[in-house]
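With chain C held as given, fit chain W onto it using these hints.
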Amino acid sequence: MRALKCRECGREYPLTANHVCEFDFGPLEVAYDYERIKHGLSRANIQSRPQTMWRYRELLPVGGEPTVGTQVGFTPLVKADRLARRLGIRELWIKNDTVNYPTLSFKDRVVSVALSRARELGFSTVACASTGNLDNSVAANAAAAGLKAYVFIPADLEQGKVINSLVYGAEVIGIRGHYDEVNRLCAEIAGKYGWAFVNVNMRPYYSEGSKSMGFEIVEQLGWRIPRHTVICMASGSLLTKIHKSYQEFIKLGLASQTEYLIHGAQATGCSPISTAQKAGLDFFKPVKPNTIAKSLAIGTPADGFYALKVMRETGGAAEDVTDDEIREGIKLLAECEGIFAETAGGVTVGVAKKLIAAGKIPADDSAVLCVTGNGLKTLDAVAGHVGQTRDIRPSLREFEALLESDGALAATR
Amino acid sequence: MPTKVRIPTPLRKLTNNEEVVEVTSTTVGGAISELQGLYPGIKERLLDDTGAVRRFVNVYVNEEDIRFLQNQQTPLKDGDEMSIIPAIAGG
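Taken in order, these protein sequences are the chains called C and W. With this note's numbering applied, the first sequence has no gaps in its numbers, which climb one by one up to 420 at the end. With this note's numbering applied, the second sequence has no gaps in its numbers, which climb one by one up to 104 at the end.
No false leads were slipped in.
Examples of chain W residues lying across from chain C (beta carbon under 8 Å, computed): (1) R19; (2) P21; (3) P23; (4) R58; (5) R67; (6) F69; (7) D78; (8) I101; (9) G104.
It should be emphasised that the hints constitute simulated quantities derived from the structure, not laboratory data. Yeah, the Cβ is synthetic: ideal placement off N, Cα and C, and Gly gets one too.
This is chain W alone, in the form it adopts within the complex:
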């Protein structure tokens, strides 16, 4: 069973309006590269020039912020859910 990735509204033009897509990579970083193969252009929207996750993008694995896990090295296993969410909200 692959990992489900939830795509936020601002990126759905790239995923043909798909809200949830599937990847088989074993880390968050790997999943982002895999997404780039599936939906060209998505990587530069998520990562900055240094390869770090952009300041205004939050990534969660099973509802936990990857900054509390192992950032892009955070492992993914079958059945995990990864969410990409704009950081600008709330308060």
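In isolation and in its complexed conformation, chain C is listed as follows:
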């Protein structure tokens, strides 16, 4: 880590808790000394390290050794042959962050970086604006690190996600409004209190954590960048950072230069980025979200502009899916691969299905789908849509009657 640098004008700032350029409000990003990193980092020494996201430590923005979330990452990359057949593509992989440690979403990656860095900068209180997964991760990782946590969420979030933050003893503040309003309030609070807001003043560090998902994909594919990567978009940050991870591996000679396409997935009920991409625009129009994919419900996406740029530059596509298609995507992934994803995963699978059907991801190609969160957290979204149990008395006769009626039903089909 060398400095914080404005993505727009290139002005540099010291490595403090600061996310905005004073001159043009552009986002600050961590700048690295790649020449130096190149000398110390090889495939062999990465492979010799523990299987966590920290095996790529030189490319993550902490000054010393990480102290929070040291076990995070290196989730399975699953070869999804059954889903591939259902979607009509030659080869398909699922990057399965539904089993990330400790809170079952990709947010553990960004939080471990943000909190490790917050400690280095001397903060004792951490905070976030969240659509659900982030607050779970901040609450859990702060508890384990002995930090005080304030998490701000839309008041109507899924029960599973709310309880998943309360249990760690975090101060959970429900805001009566949608995420963009939570975010605006947090931007104001962050300017006023000396806290480490992971996705406000700590955002340059925090967002870099997402790169680890891309590094792992490349390593797990045998140091190969996938031809197609499908990524769900809320703020658009994950998509831009996975692109950056591929670029960095090429720059460092850890993966070979290859043509790859980055595709973006949104829910139709909150699709400012995919709508702009499909219309060929390089800017988006903010929307008021209305979708079951609450973790993606950001109507004013901070990285929307850059996500559009990445898709344009790599030749990727964007698409969005309805609530019914999201549930269908969740079921498809569960029934074919035994992976239960939250609504955002349903969005990614649903969009992949559409892009393959439209030929935007050719049937004879290979794709990786980034599945970012666990379905146990959004049970409300699928309850009543996945069938129900059939209750019988503990009687063999009743069970056989049930089997017989199934057989009879099957015969009449």
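What follows is chain W alone, placed relative to chain C:
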């Protein structure tokens, strides 16, 4: 009663560290020009070369994004609150 304008941290060097300042203009665009008179240099930080609000600046009137209202033509009346907030946050 004038309109209160909340100034974000990156601009407070221009407002002598004032967090809240007051204007009497009747539109958002007018308020930005008025701010320029009070704190020279602030306008170019908020607006781009074409006079549009910069890509990474969000402006709210009474907690509503002006892009859902009438952008710089959004009216201001006594007691309204205008907030200027960096767009890069969250997610």
